[in-house]
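Student: Just so you know, the protein sequences line up as chains P and A, in that order. Oh and the first sequence: position 145 is 145 in UniProt numbering, straight run, nothing missing. Oh and the second sequence: position 38 is 38 in UniProt numbering, straight run, nothing missing.
It should be emphasised that the hints constitute simulated quantities derived from the structure, not laboratory data. There could be a bad hint or two in this list.
Only pairs whose alpha carbons sit at most 30 Å apart, straight line, appear in this in silico DSS-like list of lysine-lysine [to be verified]: (1) P/251 x P/192; (2) A/222 x A/294; (3) A/294 x P/313; (4) A/294 x A/138; (5) A/138 x P/251; (6) P/253 x P/88; (7) A/294 x P/88; (8) P/313 x A/222; (9) A/294 x P/321; (10) P/88 x P/321; (11) P/251 x P/88; (12) A/138 x P/253; (13) P/253 x P/313; (14) P/321 x P/253; (15) A/326 x A/294.
The model shown is predicted, which means the values in this text are computed figures rather than measured ones.
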Amino acid sequence: MNYFNDLILILDSTVRLAVPLILACLAGLYSERAGIVDIGLEGKLLGSAFGAAAVAAVTGSPWLGLFAGIGVALAMSGIHGLASINLKGNQTISGVALNFLAAGLTTFLGQSWFHRGGMTPQLNNDQRFNPIVLPFAPELAGVPILGPIYSELISGHNILAYAAFVAVPITAFVLFQTRFGLRLRAVGENPKALDTAGISVTLLRYQALIITAVLVGIGGTYLSIAQSAGFNNNMSAGRGYIALAALIFAKWKPWPALLVCLLFGFLDALQFRLQGIRFPVIGEVPVQAIQVLPYVLTIILLAGFIGRAVAPKASGIPYTKER
Amino acid sequence: MSVRTPLPRWVDVALLPALNVILAFLIGGLIVLAVGQNPLQAVGIMIGGAFGYGLGFGYTLYYTTDFIFAGLAVSLAYHAGMFNIGPEGQAYVGGLGVILVALALNGLHWSLMFPLMIVAGALFGAFWAFIPGVLQAKRGSHIVITTILFNFIAVSLMSYIITRILKPEGVQSDESAPIDAISRIPRLGEFIGLFGRSPVNLTFILAILALGFVYWLVWHSKFGYAMRALGHNPTATRYAGISSSRMIMITMALAGALAAMVAVNNVGSVQGRLILNFVNGAGFVGVAVAFMGKAHPIGVALSALLFGALYQGGQELAFSMPGITKEMIVTIQALVILFTGAMGDMLRIPLERLFARGATESGT
Numbered sequence: 001m002n003y004f005n006d007l008i009l010i011l012d013s014t015v016r017l018a019v020p021l022i023l024a025c026l027a028g029l030y031s032e033r034a035g036i037v038d039i040g041l042e043g044k045l046l047g048s049a050f051g052a053a054a055v056a057a058v059t060g061s062p063w064l065g066l067f068a069g070i071g072v073a074l075a076m077s078g079i080h081g082l083a084s085i086n087l088k089g090n091q092t093i094s095g096v097a098l099n100f101l102a103a104g105l106t107t108f109l110g111q112s113w114f115h116r117g118g119m120t121p122q123l124n125n126d127q128r129f130n131p132i133v134l135p136f137a138p139e140l141a142g143v144p145i146l147g148p149i150y151s152e153l154i155s156g157h158n159i160l161a162y163a164a165f166v167a168v169p170i171t172a173f174v175l176f177q178t179r180f181g182l183r184l185r186a187v188g189e190n191p192k193a194l195d196t197a198g199i200s201v202t203l204l205r206y207q208a209l210i211i212t213a214v215l216v217g218i219g220g221t222y223l224s225i226a227q228s229a230g231f232n233n234n235m236s237a238g239r240g241y242i243a244l245a246a247l248i249f250a251k252w253k254p255w256p257a258l259l260v261c262l263l264f265g266f267l268d269a270l271q272f273r274l275q276g277i278r279f280p281v282i283g284e285v286p287v288q289a290i291q292v293l294p295y296v297l298t299i300i301l302l303a304g305f306i307g308r309a310v311a312p313k314a315s316g317i318p319y320t321k322e323r
Numbered sequence: 001m002s003v004r005t006p007l008p009r010w011v012d013v014a015l016l017p018a019l020n021v022i023l024a025f026l027i028g029g030l031i032v033l034a035v036g037q038n039p040l041q042a043v044g045i046m047i048g049g050a051f052g053y054g055l056g057f058g059y060t061l062y063y064t065t066d067f068i069f070a071g072l073a074v075s076l077a078y079h080a081g082m083f084n085i086g087p088e089g090q091a092y093v094g095g096l097g098v099i100l101v102a103l104a105l106n107g108l109h110w111s112l113m114f115p116l117m118i119v120a121g122a123l124f125g126a127f128w129a130f131i132p133g134v135l136q137a138k139r140g141s142h143i144v145i146t147t148i149l150f151n152f153i154a155v156s157l158m159s160y161i162i163t164r165i166l167k168p169e170g171v172q173s174d175e176s177a178p179i180d181a182i183s184r185i186p187r188l189g190e191f192i193g194l195f196g197r198s199p200v201n202l203t204f205i206l207a208i209l210a211l212g213f214v215y216w217l218v219w220h221s222k223f224g225y226a227m228r229a230l231g232h233n234p235t236a237t238r239y240a241g242i243s244s245s246r247m248i249m250i251t252m253a254l255a256g257a258l259a260a261m262v263a264v265n266n267v268g269s270v271q272g273r274l275i276l277n278f279v280n281g282a283g284f285v286g287v288a289v290a291f292m293g294k295a296h297p298i299g300v301a302l303s304a305l306l307f308g309a310l311y312q313g314g315q316e317l318a319f320s321m322p323g324i325t326k327e328m329i330v331t332i333q334a335l336v337i338l339f340t341g342a343m344g345d346m347l348r349i350p351l352e353r354l355f356a357r358g359a360t361e362s363g364t
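Isolated chain A (complex conformation):
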């Protein structure tokens, strides 16, 4: 009886993750119900807030941009067999690169500034992920612990740099000097009227390109093959003559560079300055996005959109239903990580039984 029939591919790829997400939302709904609020009404308000009008939709896509980058940063490392919990810190340090290049060349037209900010941010973010990569590759320090610690080190380091070095005199709030309007990455609203004054900007296009790039890199390049080989079987990889330590370091650096694009979206465009704690949890959402999206760019895009809608809809919800705070979104995020990540196989065995029975019945 212990012979297990593997699930059909579509069930494994689409149905199982979808059921897990539905389960996470059902439990979220029960929690909302438990405090005496109407979950269906909440969902209605959130959908309306996230997609119902141009400005709201623009905000949704702005958050989606952040979550795509953070999700890709986790996914990429995951393919190489590493759990990168560090996008939060990598994005934060990436912000330093973005603001340094922007303030040094302040006044440059955005079309030139945009690529420079991408490169500078990517270098800083890559550096912040590269160190845990080196420590894992050369010294065997566990990447999960080191990336968590590096998030904390980033908080202290950046708070020192922002409050003591970058903060101009006479400014009350903890932030750097502003980037000139001409140097900022333009909002999509300037080209497409629908989005109005919403913060979604050209970085969103960059996020779409990044999805394509990661797809190509992981599944259609030699490097990606080596990366997946490392993730599946490190021993076989070594016998195949692939240097695992080199792979680990490069993959982590790439992941850090992707995470740093969160900073381009925020520092380089919307805020136009480096603000204390600007990442504000977006890096951690990346963990949920990556697990929910099964580390595949299409999955990452869809789950980033879902979380983008949750974040924007959640803001709306806080106005319309004061009984539900936006922390409910963090709870949903937790449930999604729990059910799609840690308990992802809970429904696998019942589903296998179901499909195995279906197969034998149709066979006879």
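One chain only, chain P, in its complex shape:
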């Protein structure tokens, strides 16, 4: 029974840690499916986390914070779009620039505005997104097996976390069952075919970038005003890159993306759990060995040793209309 409770606790923190990954990963999915590589996810997460925390601290409203978080991500997507769609610049370089821009500006503006070494003021519960207790959760907690699963694991997350999980089936539906989804996938594989059919490649790619910004903006907001109570320097801590790795791992598909993000979240949760614990044969597992696993797994996948990850064909290539 004790092991069961431990497992529930680990899975519960798995869910919490996976939420920003899921949102960022789905965000990347839309833009990469449309043919735009988004190395800048990391920066967008960081920027929107800052925007959300700053606005929530000033206005006291988490919803305005959410709008600000999405707004920051939209602005960054706008720069990315201008550079990589209109000016046909290198998308990777533009993404790298956005990451540095977020890293520099969040701390700089944070220090100028709040004078706390780049942190935003600590938020109280009214200014954050709080856990939602689902109906009957406390009453059912005593039921064996299913009780803890329902009241610990499924209930008690905030609305942004539930949004992340709802976004997965929606993405799967939009991508594979709607006309927009078909066009989105086509623009990432063969933009010329769409152009010939009279559909604007530029418009579609901007639409994809907008969806990307909304999702990653929610992810950043989750980091600063749902999971934590304020913004910290570099609080995205590489999650944008992990999400990118997860996206490759999931071969640019929504349901596998959910599974991979949960796996990476689980590794993250495990790493906290295993600190200082000695195992019978192998001894203590170094934290670093678990930290490094998502990256190593992605490398192995990229090298084609477990299946093959083939990116959308036109991804990373600016589209130039024939003159």
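Assemble the complex: chain P is given as a structure, and chain A must be docked to it using the hints.
Tutor: Below, chain A without anything else, positioned relative to chain P:
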């Protein structure tokens, strides 16, 4: 009307990049202005801090050394058509080579130790870049993604090695045992009084030599010709009988070796020990330096000096104007990458129109 007149060479090589950099700084200035600080005063303090006195200038050149190596590591790969975002990790792992050879032969005179540290660091750094090179060449894994991932793997690997293996007992901070003073690469201040106790050391001379070496390699060697051919047209390169996978692997290894010289500058001289996260972003500055310098050694040297001055001046700024933190430098770095790298052609079309009009007017 769609006929475009190419720009005069000097505009393409000098004016356009310069305008892009100016644009990046103007926007940086507007941001400083937006938080209610005076950008001109900030620039004044930074110039004074970076060049105004010997010690400060020494610090500027110390940072410049790092940025030259990191910039060359990105530039070299760029000529072969690859975007190496990995100098950060390559320099970090290079530090392991430097400290291993230095601690094994601790007490050896620096004149013998210096070349050994260069070789050991270069081998380790080259190895860390070689793997992504192999994965790109043999398995088609995209170099941008793999070098980013290798930066993260380097962080975990090195943090394990430093905290669990190299850290001597009884030491609080996460660092290796120190290198004896006699084995450390001497500071320039020991020969030139002007630099005083500043950290600029003989590795700076090595950086100048590396600039020359890369120039020769890229533009005056057979290997460099093959490399540039690969960067411009991989298909033609294959028809010319050049093995692109071999080129990719060797170029990446060379780039990694160059990045590792950041470790020689830091571990082998200034710190005299391997400290956790000693690279501290210098590898990433290399990306900005390479784009701003158009991957040419002269451009790399100038932009490394500019960033060296920004870093040293930025430290000074943090003391004099508390309203501006040194993260403003990271913002400038981002703007430089954005305007010279991703949006590098934004001003090209207006400039082309301007020069085309000038040409027709003088023609009639």
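Student: The structure should be examined with respect to each hint, and the outcome stated for every one.
Tutor: Status of the hints after comparison with the structure:
1. P/251 x P/192: Holds, at about 23 Å.
2. A/222 x A/294: 21 Å, holds
3. A/294 x P/313: 28 Å, holds
4. A/294 x A/138: Roughly 29 Å between the alpha carbons, so the hint for residue 294 of chain A and residue 138 of chain A holds.
5. A/138 x P/251: 20 Å, holds
6. P/253 x P/88: 26 Å, holds
7. A/294 x P/88: OK: residue 294 of chain A and residue 88 of chain P at ~18 Å, within 30 Å.
8. P/313 x A/222: 33 Å, violated
9. A/294 x P/321: Satisfied, since the Cα-Cα distance of roughly 27 Å is no more than 30 Å.
10. P/88 x P/321: OK: residue 88 of chain P and residue 321 of chain P at ~11 Å, within 30 Å.
11. P/251 x P/88: 26 Å, holds
12. A/138 x P/253: Holds, because 26 Å separates the two Cα atoms, which is no more than 30 Å.
13. P/253 x P/313: 15 Å, holds
14. P/321 x P/253: The given pair, whose Cα atoms are some 29 Å apart, holds under the 30 Å limit.
15. A/326 x A/294: The hint holds at about 26 Å.
When the structure is compared with the earlier hints, a violation turns up for hint 8 alone.
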